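So the sequence lines, in the order shown, correspond to chains G and E. Just so you know, the first sequence maps onto residues 1 to 640 in the numbering used here. Just so you know, the second sequence maps onto residues 641 to 1280 in the numbering used here.
Since the hints were made in silico from the structure, they are not lab data. Owing to the predicted nature of the structure, the values given are computational and were not obtained by experimental measurement. All C-beta atoms, glycine included, are put in the ideal place defined by N, C-alpha and C. It is possible that some hints are incorrect.
Said to hold, decoys possible - Derived list of chain G stretches under chain E, where covered just means 3 residues or more per stretch with a C-beta under 8 Å from a C-beta of chain E:
| no. | segment |
| --- | --- |
| 1 | 525 to 531 |
| 2 | 559 to 565 |
| 3 | 600 to 606 |
2 protein chains.
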Amino acid sequence: MNRSTGFGWQALRRGQVTIQDGFWQRWRDLIGETTLAHEFEELRADGHLDAMLLDRRMHRGRALADPWAEAGYWGGSVFWDSDLAKWLEVASARLEQTRDPALEAHVDEIIGLFEQAQRPDGYVNSHILTWRPHHRFKNLRDLHELYCAGHLIEAAVVHSEATGQDRLLQVARRFADHLVARFGREPGQIRGYCGHPEVELALLRLYDATEERQYLDLWRYFINERGQSPNFFEQEAAARLDLRPFRQNHPGSPYAYMQAHEPVRAQTKVVGHAVRAMYLFAAAAWLALEDGDDELLATCERIWQDVTKSKLYITGGIGSASENEGFTRDYDLPNENAYAETCASIGLFLFGHRLLQARLHSQYGDIMELALYNNILSGISLDGRSFFYENPLASHGSHRRVRWPWWCPCCPPNLARLISSLSGFLYSEKGQSIAIHHYVNSEARKDGFTLRVRTGLPYAGNNTIEVQTEAPVETTLFFRIPGWATQHTMTINGAEVTPRVEHGYAMIQRPWASGDRIELNFDLPIRMKFCRFEVEANRGRVALTRGPLVYCLEQVDNGADLDALTLPPDADFAPEERPDLPDGMLGLVGSGFREQVRDDGLYADEPAAAQPTTVRALPYYAWGNREPGEMQVWIRRAVR
Amino acid sequence: MNRSTGFGWQALRRGQVTIQDGFWQRWRDLIGETTLAHEFEELRADGHLDAMLLDRRMHRGRALADPWAEAGYWGGSVFWDSDLAKWLEVASARLEQTRDPALEAHVDEIIGLFEQAQRPDGYVNSHILTWRPHHRFKNLRDLHELYCAGHLIEAAVVHSEATGQDRLLQVARRFADHLVARFGREPGQIRGYCGHPEVELALLRLYDATEERQYLDLWRYFINERGQSPNFFEQEAAARLDLRPFRQNHPGSPYAYMQAHEPVRAQTKVVGHAVRAMYLFAAAAWLALEDGDDELLATCERIWQDVTKSKLYITGGIGSASENEGFTRDYDLPNENAYAETCASIGLFLFGHRLLQARLHSQYGDIMELALYNNILSGISLDGRSFFYENPLASHGSHRRVRWPWWCPCCPPNLARLISSLSGFLYSEKGQSIAIHHYVNSEARKDGFTLRVRTGLPYAGNNTIEVQTEAPVETTLFFRIPGWATQHTMTINGAEVTPRVEHGYAMIQRPWASGDRIELNFDLPIRMKFCRFEVEANRGRVALTRGPLVYCLEQVDNGADLDALTLPPDADFAPEERPDLPDGMLGLVGSGFREQVRDDGLYADEPAAAQPTTVRALPYYAWGNREPGEMQVWIRRAVR
């Protein structure tokens, strides 16, 4: 990327990085071997594939027999094509790793459906073509056509890179070319943009893959046009004679939900639907880098600071409210009814990754890592077959949650997509420098220079980095020192070094030769974290963390009434092996108190007694995988 | 009462008890001098009086010009007649105390409107007659006709007792006779009952005033018919061709809201709308006493225990949810969004008072007192001109509340009604015994025997009871020892006595002579109260009480961010005079800590520092009378 300006860093691509064994390869294998097949069955059962079939008359017939038909709701959701596309993307990445003829057949089947559904002008969207053919590009506010196009394009780029085939890429390019023709400021074009940002991210990937400037131009147009006045969605609604009031009860602008309340560059506080906001700002940050656009980059940085300083759960979740699946006011971070959608944290991860290319600073990697190991990974069960769409920080009483085998199909394939593309987020290069952002067992290659990383993370702080190089070469290596590491030590070929650390990155500049070996060890003590006062739900409470992991209590380990447990300031916790669980998981075990439940009336003159008790915590991502029961992250501090 | 059976105690009536000066007379005067006039103006401004005018064609004309007209909503609420009736009741009680020609004229004006509106058959309801004449007794579920009839009857009884005039009583009896003719199990009668219990309470008052058994019979019919199967409201809806689903999303039975989900005697847990439930069970308890019906009394006692053991705020509020203005599950007592309607606590007060006549036990008086001094009295401002309909236990951030000059007109006149009739709730008699339930400056007379009570309550624990009697007489006096009194001492004519205490009542049996003087002193220390664990909102928190009063913190005394204040277990509080406020009010002052608000990011490795600070508390009833700001009852305990 950044072809035009050379501004900033460039992420090493999927082709340059191979993830190998260890924590994340286990997850990638699980997704490839189990989740993909499970999701394929769910997509089939949901009717996603039916919806793509050519004989749409049959569907219409069923629709007429159905009371929802008039509203056009039968035939599934407006975003079903995107779910299929996300699945294709994950499946393609899997095929890159391993031959799987059955999977390949499924992939080709779905690609065939897209091919058959595509119109001669390039347009394809099974929901619109089947159910609302007259609504084509008539309701960008609600109908997700460009969002679906975006996921199709992204899947096509990955499919092409992963398999070397261009069948799906042909479909995607025809569609993208259609979008280029139809959208813009020229006469006869639609001067609009999608209610759900995503196509912007796709266009930059397509530009990256094809180097066709028309995709860059359309991407830039979408970023700059969004939120301009007069409001496009109002004009569009009037044009289709839809005079119903829109989101009248929505706090603030009704268009904040779709990031169309004001131009991107005018935004100072993050608002609206969290996924939409993050996708937009990730794409905007990428554009800022591409164009060397400092003003746009400053906007993105301002939004990042706003999200991470006042609207971020300790688990890396964002978007606390279910009403708008999004942001509310500063510090409004309830635990039990946290929305914290898995996809929103994925968006935050993508956004942070872009800002990281502009400025090497560990805050971006810290928050990407926080989101990844906690709010994102909690979205999938340890067996790869069930999911959380929302990621609350407490679950008990009337708010008790369990994982769903499917539910809203948006998050499961999106999470699988992120994990299957993780290799593209670990390293960056810039001139003769390579930066390691995330420690994952992997091999990174650049111009005959190879880094081989082995790590104990997330459960141990030891990292080994081995260099292989065709010829000795002067290269600067940057190593992110995570914010949670109270101390770090480094040796090179056994000799201790004390590298300069700047903005959270340790820097070693020297000629490297094959066999050079860096040992980088992080202390990862168990920590009690205390929340800012403004967050009402966490007053008088602590959370336990170790390294990148946030921990939680579960009923199955601690008994019911988790909120009766309290921790004194000197609570002594130690890691504890959990051979009953995968990942080489370490729990925490320590001592606290359990408030006794009284039975002497509602209000008493004495506090309830508290008995010393053992308290066991598990990584947050692992909750909800055993007997259903209570869970909580923020634990009461013992009172005096 | 209890003419037929002589079962239980009998409350001394309004005519036997005179409240004189002191705390409650100040409130009665404020209501008589200020609130009544304010409410009259609000009723006029709201159109209550317009709705009673005879020229209804004018109203219909306005309705047709109004978009709500089709739904029949213009012309005000279905319960407006009841608001006028409540006002009449308060005004009548005022006229008993003092001549006020202007007030008398208003009273006569409204009585005239009722007279003019009444149909020859006795029916009167200005809303139905004006707006829905064809709906007369066609929708008892929703239209509050019998509820309005009930308040009219109650007002008429009080007006007759207070003024000796029977104009309004004539109207009420004609209406009541119409109800007797129209409702029941005979052919041609409506086998139904009102969606909002109230007429049951009115019928017993009318029976009490007139000794006409037909009113007792109708009252008994309503209690016994309610909730029988098949459900009357379903049949009624079908009869008017209303096939819309009813309260489908309501948890549990859709008819719990109007106490029609099952027969009264089958109920074991209190459910539904809190005011409706309390009015019903107060009337049922009264009937149980009247009929000597042990089964019904046991039902009432079971419901009382359920309410007070698991659904009662520390302020005496009940009905925590706004969705149904009522009850949810056990221990669901949120503070900020507590509904705790003023009228619901009034209903609880009435219910407790009835059970108290069945069984002399201090729990009833304790809870009546708790409701009266806290959740009920908080419903009116110190200047008598603004009101709380809901009575939350915390107010800050997005839930901040302020008093309303009117809002829903149900509570303000109902609260005024209770306070103006308070004399009827203080004493009971049974044979040669008199029980004092509530210590209020007052004189109680029975058969030439007079008790004159002077009290320091609610701010001091000293009580003096003087006897006047025409001839020395052997009488047993029962004195309630409040649950909050850690100690009590009694002297008779200066000599210390140690009376036997049973079920919370001290008992002195002896011959009394004029001039006998009992001094009864209660300790009323400042107490920290701790809540049962199950109430999530109060974990790690304490409330401050003194005597019958619950205290709260207000921003105007303590600064913003009240929830940053914490109290150690040994927090030393003392009473503090508040000459800036009426009632001889005592606040509390003590020491606590204030958690410092950090500005170092959302999550930190160290807890925020806490500084010692002075904490000031005020009686809960007095909150919301100065600068608007935060308030909270449950204060965080200091953590260690």
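Each hint tested on the structure:
no.: 1; hint: 525 to 531; in the structure: holds (count 5)
no.: 2; hint: 559 to 565; in the structure: holds (count 3)
no.: 3; hint: 600 to 606; in the structure: holds (count 6)
Violated hints: none; the structure is consistent with every hint.
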